[in-house]
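A.B. asks: In the order they appear, the protein sequences are chains A and B.
Residue numbers for the first sequence, in the numbering used here: 7 to 414.
Residue numbers for the second sequence, in the numbering used here: 442 to 1022.
Watch out, some of these pointers could steer you wrong.
One side only, chain B facing chain A, incomplete, derived with CB under 8 Å [as the list claims (entries may be wrong)]:
| # | residue |
| --- | --- |
| 1 | 474 |
| 2 | 479 |
| 3 | 490 |
| 4 | 493 |
| 5 | 586 |
| 6 | 695 |
| 7 | 873 |
| 8 | 876 |
| 9 | 912 |
| 10 | 915 |
| 11 | 917 |
| 12 | 948 |
| 13 | 952 |
| 14 | 957 |
| 15 | 979 |
Derived EDC-like pairs: lysine to aspartate or glutamate, alpha-carbon spacing no greater than 20 Å straight-line [claimed, not checked]:
| # | chain 1 | residue 1 | chain 2 | residue 2 |
| --- | --- | --- | --- | --- |
| 16 | B | 793 | B | 722 |
| 17 | B | 747 | B | 728 |
| 18 | A | 181 | B | 849 |
| 19 | A | 177 | A | 92 |
| 20 | B | 721 | B | 625 |
| 21 | B | 467 | A | 92 |
| 22 | A | 122 | A | 178 |
| 23 | B | 824 | B | 611 |
| 24 | B | 737 | B | 711 |
| 25 | B | 571 | B | 632 |
| 26 | B | 474 | A | 92 |
| 27 | A | 154 | A | 115 |
| 28 | B | 488 | B | 611 |
| 29 | B | 474 | A | 115 |
| 30 | B | 793 | B | 625 |
| 31 | B | 571 | A | 92 |
| 32 | B | 488 | A | 90 |
| 33 | A | 366 | B | 849 |
| 34 | B | 488 | A | 92 |
| 35 | B | 747 | B | 776 |
| 36 | B | 474 | A | 90 |
| 37 | A | 177 | A | 199 |
| 38 | A | 154 | A | 219 |
| 39 | A | 177 | A | 162 |
| 40 | B | 784 | B | 742 |
Calculated from the structure, these hints are not laboratory results.
We put the beta carbon where it would ideally sit given N, CA and C, even for glycine.
Residues per chain are reported as follows:
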Amino acid sequence: MKKVIHFSKLFIPFAIMSVVIIVLGIFGLSTKGFNLGIDFQAGLIQEVAIAPSAVELTYEGSATVSVQLQNTSMAIVVSGVGADNETFNFPYVTYDTVGKLVESLNKIDDITAVAKAPLTTSTVGLFGNSAVTTVLSTTPYYLHYTGKSAPNVTIDEVRQALSEKIEGIVKETGKTEDNTFQIRVSDDGSDAEVSNNIQLGIAAALSEAFGADNYAVMKTDFIGSQFSSSLVSQSILLVLGALALIMIYASIRFHWDFAFGAVLAVIHDALIMITFIVWAQLEFNSTMIAAILTIVGYSINDTIVILDRVRENQPLLKVDSFKKLLDISMSETLSRTIITSVTTLLAVFSLYFFTTGSMKEFALALLIGILSGTYSTIYISGGFITFCRRHWKPSDEEKVSQVKVVEY
Amino acid sequence: MSKRSRFVLILVILAVCFAFLWPTIKWYSNTPKEVQALALGSLDKIKDYSQVQAANDLNSLKAAYKADNTTVLPEEYNYLAKEAKDIYKVAKKDVASPMTIHDALVAFSSESEALGIIENTYRNEILDAKDTYNRAVKLGLDLSGGMSITVKADLDAAIEQQKGSVAVDDVATFKEQAMTQAIETLTSRIDKFGLTSPTIRQQGEDRIYIELPGAAEADSINSIIMGASVLTFRLVDDEATSSFNEYYSAHPASTFTASGELLDPTIVPDDCEVLGIYSKDDYGLDERVGYLVVKKAIVLDGQHVKSASVGTDGITSEPQVNLTLDSEGATIFGDFTAANVGKSLAIVSDTKIKSNARIREAIPGGQVAISGFGLDEAQNLQKVLQTAWLSVPLSVESQQIIGASLGEIAINQGIQAIILGLVLIMIFMLLWYRGAGVNAIVAQVLNLFIMFSIQSALSLTLTLSSMAGMILTIGMAVDANVIVFERIRDELRLGKGRSASINAGFDHAFWAVMDSNITTFIAAIFLSQLGTGAIQGFAVTLAIGVVSSVFTALFVSRLIFDFSTEQLNRKRISIGGRIKQ
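Chain B with its partners taken away, still in its complex shape (with noise of 0.2 Å):
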């Protein structure tokens, strides 16, 4: 490969980096803490932030409109006006620039539109966070603060105590279900508790592992995780139902306190509560489409119920839920449903509400037909009303909590330890090879910035092991330009001249350099396959590490030593060990 091409090539390379890198420089250093949480927050709240910002917004549109009817539109919602523009284009009307609020409000069809647009533009640009967020560089919980829980999930209990039942017949399915249904559940938990971005997934056949990055309320969260999930039949006060929405809809900014709970208690009866009622959207996720009044006292347990199925109404055919309750649930349900036709019956799962239907009539017997909703969400309730007999011992295996400020003393330990080894592996190379040992700093910053866009690029965790892995790795990865130079050195004082030395010397040493380091590889590859987080990061660290030394030592360092040759016509070559040139 030409000079050229090989230059090119590693800028392309860096470039590449690079760009694997921004998401980790937006988020850190230049998204506002404030839209950071935001952004970390679960999905209900950046929906209700984006709806009751738009609501301030266009009300405050409309009040400077009616204070002065020529008011220019401000220029933050140039957005509004780019979309007003379109539909004055499509319409093949004039408009005026700049354009005023009337202008810009009477495009749309109706405020709801308009509002719709300023909502989204609030919601994306979080969600635009977000996922800036996704793709950057995780701080483990030792250099954030939090906590992490690994929670153990009792098949066998569950298995036995459904011994006998329709669901239990194929235990790896069995299995499967209690463990999908466990972890939604506890999903569900944790985000109404509004932490910021929890980490629930699946470790194993039977364990569950959860990370609350920042600061976690360890008792209340032991008291989520111990919880059996709970599925309840409530009744629905429509009365207070109405005046609550109607509370809400005037003051949507200062009914909820960060937690979920009511500002303030009074506004709904003593013996009730507000609850969501989700369903699920496109993407499968639970969104929350409206708010019920529900007693607090609970007409039905969902372990009564036995048994529940998809099914279609004889007549209709309308798809149904059919549930099967016990001989005691039957009874329950059959006297309440006589005293309550008429009124809704909510079913609650945890703290949400999954479907709200009518009661039309007394149902006895213990055969419930739950109908007025198309296939899917039959099908969505039907998983909800399965929590009732999938319940599953649950208990904590392992648990760490670690103190943002021990996080903060973490980083710094870990940046101050890279620097000094950085530099004193340069100042030592500095004074070993002389001129050379330029090439081998060039090299080392390269590598140092190669694995840590590799691990932004992979969306690795940065932990304080994976910081002691990096600046190893480059303790090590000296290694590659020592063999290198060592033979340069050598072919030096066979008396040949600089070009030859330096193409003799990287041919002998390439394939010392390739097996040292392919060995190391294997090391670290199976190192990283050791269960527990801090091995990992370190061994996954030492792995790239290895990948990008190997790189920047036989092709980046040769590149620099081929264009001194070359462009700057050096005839000799500054490395050290004192040989006659």
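Bound-form chain A, shown alone (with noise of 0.2 Å):
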């Protein structure tokens, strides 16, 4: 047999643990608020790279000719009328330095390459402007590059550039040599056309700066002041929603207290990464709230299952009071409730190790979240349906039909 583990003792401490956490964490929203990610907050944040164009590239015939760039390898896909249709690759491994990639792009019909780095560059991590198309005509494409051969930008250098055109945060992203910022401003919802007005004023201001084939915008993302408002609302009715929805299931299948006592156990959890959230002032986007509904989704797993136990022992067992049923099933199901979280643990573990930005923070997020929901599936929903039935005591039919015999 295995043994019982008293988890009822600590019913009343850690209820009240929790209740001074979430205090904080109410009193951290009230005195520093959310890091509001750009879903909530109306404004432009642009990922720009300051970097040398490697090499230039224009096409002068009537086919669609489009640049495809990957890590490893780039493509030249030629289509449509006016030229034999064909893929044109170029792995890196073979043309590993922009002068050997230059000489084999000029034999492509109607391309011309010019080589504006030393030939000696290499070609791995060449990038485009993502805000420019692939499709090659006779304006010309820029292939950027960046690392320890480029001259380094600092972060003083681009504010000044923006100085005079723009008001912004700017901010450094990833390595010091790759030159990549972050350029955040923000929309008063006076100007109809503001997406477009700042990008052309961000544009404008680096091209004097550093010279208009000398960088290039990695990432844009623009949400218009009238747009950030319905998120969070509604977020909090599709929440309410479900918990309502499974609640119902619950009372259906189990009891309403053990109903109920689940579903506090979501609402404590959410509350939890609401609480870390803010402390560690994570970025509040839509991310985050995915974060907190995906362990609203978890909680409740694991909760029933817990519940599933009981309801199955109640009339199983010789005990005198609910507290001992509970600790008993929750005994029974401890391995499982472990080995869950370390298996979902592993997996969030696995997706923070290798994504970056608001995936990481999703994934933090979400450790926390399990964590929470392992502990409230125990002591939470547990400590309230004790409470609930203090003064339980088991039927007569019950105490007859023992068939398992415990020891408490």
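These two chains come separately, so use the hints to put the complex back together.
C.D. replies: In structure tokens:
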């Protein structure tokens, strides 16, 4: 027989601890507030790389010729009328320098490639400007490079360049030699073409300071002022809707106090996560809402299995208080509770390990959520149900029908 | 159910899943990039391409025949030989095998029939690829790079502008028409750009969502969206049109650039431009039927059109479109038509010529009748003329541009995370449950496969967040196996034998697995209703994963246990936990 762990002894201290943590969270929320992401704060975030161009490409024919850049190779795809349809692949293993690449690119009909960087520059990591089309035309398309061989640009130079045209906040992202910067400009909702105007402003400022072919936009995010407000209220409504439905389902399958205990645990986990997000100042965006909602799903799953065991044990066990019934059922399912947390944590850990940016923060929030979900399954929902059934007595029928003997 | 029928059922499900997955595999690993580029292009481009290729092919066949009149038809034209054979069969003539070029070509009644067959073959090849793409899992913007824009239409302002006119009497219909119109205008402008497979759809009552995978020209797209829809009347230059058409038929492949500009602008007069003339095809899509050279100067701005209706000519009872112009428009139009009797006037919507009518006489007074077409065309034209007053102010509400290189980094991150997660979970399950762990591993691998193929079947978009959903689902889905295994261990501890433990374990675990997964499923379904794409992808993946994990844990894993009990005669069960058996 498995040993029974007396979880119920710690119900009260842990309930107090949870309340304290959540109060701290509410306190943090009212003093520090969320570090709101672009989803909730109107404006534009642009990530730019101040990177010199390595290759200039132009095309003078009538076919559709596009450039596809990958980490380890580049391809020129020729399609449509006016040329033989063909894909030219340039793996960087063979075409390891700009010189070799340019030489071969020039062999394709109607394409002119000009090396703008030293011919020995490595081709690995060449990238393009995401804000321009990859279909080649007489307007030059540039491949950029960064790294140790490229001149370093400081954040002050970028700030200086922008200061006259754009009122924004500049942050450096990534490694120093990458020269990537994040520019954030807020939107007050006064200008209908604000997205375009800010982008043009940044482009103009950067090309004036660094040259038109020496920077590349990596990523742009714009959320207008009318858009950002509806997401929070929508999420809250959906969470409430989901909880209500889960509550109904669990009430039918179990009993209302079981259902309420499970839902309480879920709400507890969501609040713990919010506390963590506030105090760690993670960016609060739609991905974070997804993280919270995931934990809603995870935590309810975790709790239901224990409740299921309690229900099953109820007619089988000879116990005089509900507390004992719960302790026994939880001990029996403990290894499952732990194993499931471990496997889910392994999954989240690998997500945390490989991703960057908002996905990493998503994984981090999940990590906390899973730990909290496991803990609340035992202590919060268990505590609540014990409290509801503190006057519980086994029915006469149950007393006679004991099948299972457990040492308490 | 007997083991055999369970096994067959599993095989059938896996086969169906594979069939769902097939278009995805075919598109990403089996379709050359240049075919992908063609298939993702607009229908106009596909048409141009197949026409030009067909003409080239036919010319080279004719040249080969001229050089040597006994040349055998090359193998790549087997489809042509097949058609020719069918014709010979109907005519009850014998054909020599192998067929020569001459035999193949004379089978057809005209050169254009043969040309049509070659053209169709090219076209079908590309349309097949397009179809494959439509059924494949698409990469979301965060993985493929590209741009998405949400545009808000200010319908209230549009109604305000039109106050008092007949069009806004029914507000609901007006809004609907205005949105359809706005979407159609945006679609045709974006198509003109030749961007790959744009997605344009209405979101809610007054929003339009546009997605352009790959890369995009941020500033020109912005001007595309912000530019008001323009309807103009312009004079056709007949002389330049005929000389252009002559040039075009001589140089079909080298007249236009990829974005539709003239490669050699000097072939038309300076004050003119070449525009396509369009009509609706059988599917209601715009189809280009030819080119006209029109003057750049605008005769009349569409804003002067006050109303348009379809009627019939009093005498010939042919359908016609009646326009009413405002007083300023009436004066301009009256003077212009008086001076240009006998010439043609084109009605241009943005950059597409929608109608082209000859001016028979001077039209003073602002009542214009256009005729010379069927009822369908008249109705289409009437719709086009509506754009004149259905102009809705648009504004960009959200915009996202992601560089293709960032997309590739994201794909790699997602794949690495899935692999590492899966491997860690596998190792853990093997260490903890020993032999039974293998069972769980099979279940999880199948899970991943089923999840991915259902995504493919539903044509969902794969994003980094749905990849996160997959890996997380695997982590959570193992739970169903864990519940069952723990139960089996419990039964073993009670001293039961292998098959009794397995049976009791699965029976006892059934409702625990169902209850916990149904509640998670409810949460996932609600989550998927949340507006933004990233969360949706994640939630749908989670919901699919929950269903497939119940299937693999209760059904597949059970079968594996039963199989090794009965077929392999296992008496014990390797499930860890130091249980004496």
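A.B. asks: Does each hint hold? Answer for all of them.
C.D. replies: To see whether the hints hold, each was checked on the structure:
1. 474: holds, 4 Å
2. 479: holds, 5 Å
3. 490: holds, 5 Å
4. 493: Where the cut-off is 8 Å and the nearest Cβ of chain A is about 4 Å from residue 493 of chain B, the hint holds.
5. 586: The hint holds - residue 586 of chain B has a Cβ within 8 Å of chain A, the shortest such distance being about 6 Å.
6. 695: Where the cut-off is 8 Å and the nearest Cβ of chain A is about 5 Å from residue 695 of chain B, the hint holds.
7. 873: Status holds, d = 7 Å.
8. 876: This interface hint is violated because 16 Å lies over the 8 Å limit.
9. 912: Where the cut-off is 8 Å and the nearest Cβ of chain A is about 5 Å from residue 912 of chain B, the hint holds.
10. 915: At 6 Å from the nearest chain A Cβ, residue 915 of chain B passes the 8 Å test, so the hint holds.
11. 917: holds, 5 Å
12. 948: This hint is violated: residue 948 of chain B lies away from chain A, its Cβ roughly 11 Å from the closest one there, beyond 8 Å.
13. 952: holds, 6 Å
14. 957: holds, 4 Å
15. 979: holds, 5 Å
16. B/793 <-> B/722: Holds, at roughly 15 Å.
17. B/747 <-> B/728: Violated, because 28 Å separates the two Cα atoms, which is more than 20 Å.
18. A/181 <-> B/849: Roughly 19 Å between the alpha carbons, so the hint for residue 181 of chain A and residue 849 of chain B holds.
19. A/177 <-> A/92: violated, 42 Å
20. B/721 <-> B/625: holds, 13 Å
21. B/467 <-> A/92: holds, 18 Å
22. A/122 <-> A/178: Outside the cut-off at roughly 26 Å; violated.
23. B/824 <-> B/611: holds, 17 Å
24. B/737 <-> B/711: holds, 9 Å
25. B/571 <-> B/632: holds, 16 Å
26. B/474 <-> A/92: Given that 20 Å is the threshold and the Cα spacing comes to 8 Å, the pair holds.
27. A/154 <-> A/115: violated, 34 Å
28. B/488 <-> B/611: violated, 40 Å
29. B/474 <-> A/115: Holds, at about 18 Å.
30. B/793 <-> B/625: Roughly 12 Å separates the two Cα atoms, so the pair holds.
31. B/571 <-> A/92: holds, 18 Å
32. B/488 <-> A/90: holds, 16 Å
33. A/366 <-> B/849: Roughly 17 Å between the alpha carbons, so the hint for residue 366 of chain A and residue 849 of chain B holds.
34. B/488 <-> A/92: Roughly 18 Å separates the two Cα atoms, so the pair holds.
35. B/747 <-> B/776: holds, 19 Å
36. B/474 <-> A/90: holds, 13 Å
37. A/177 <-> A/199: Between residue 177 of chain A and residue 199 of chain A the Cα gap is close to 25 Å, so the pair fails against 20 Å, i.e. violated.
38. A/154 <-> A/219: holds, 19 Å
39. A/177 <-> A/162: holds, 10 Å
40. B/784 <-> B/742: Roughly 18 Å separates the two Cα atoms, so the pair holds.
Of the numbered hints listed earlier, those contradicted by the structure are 8, 12, 17, 19, 22, 27, 28, 37.
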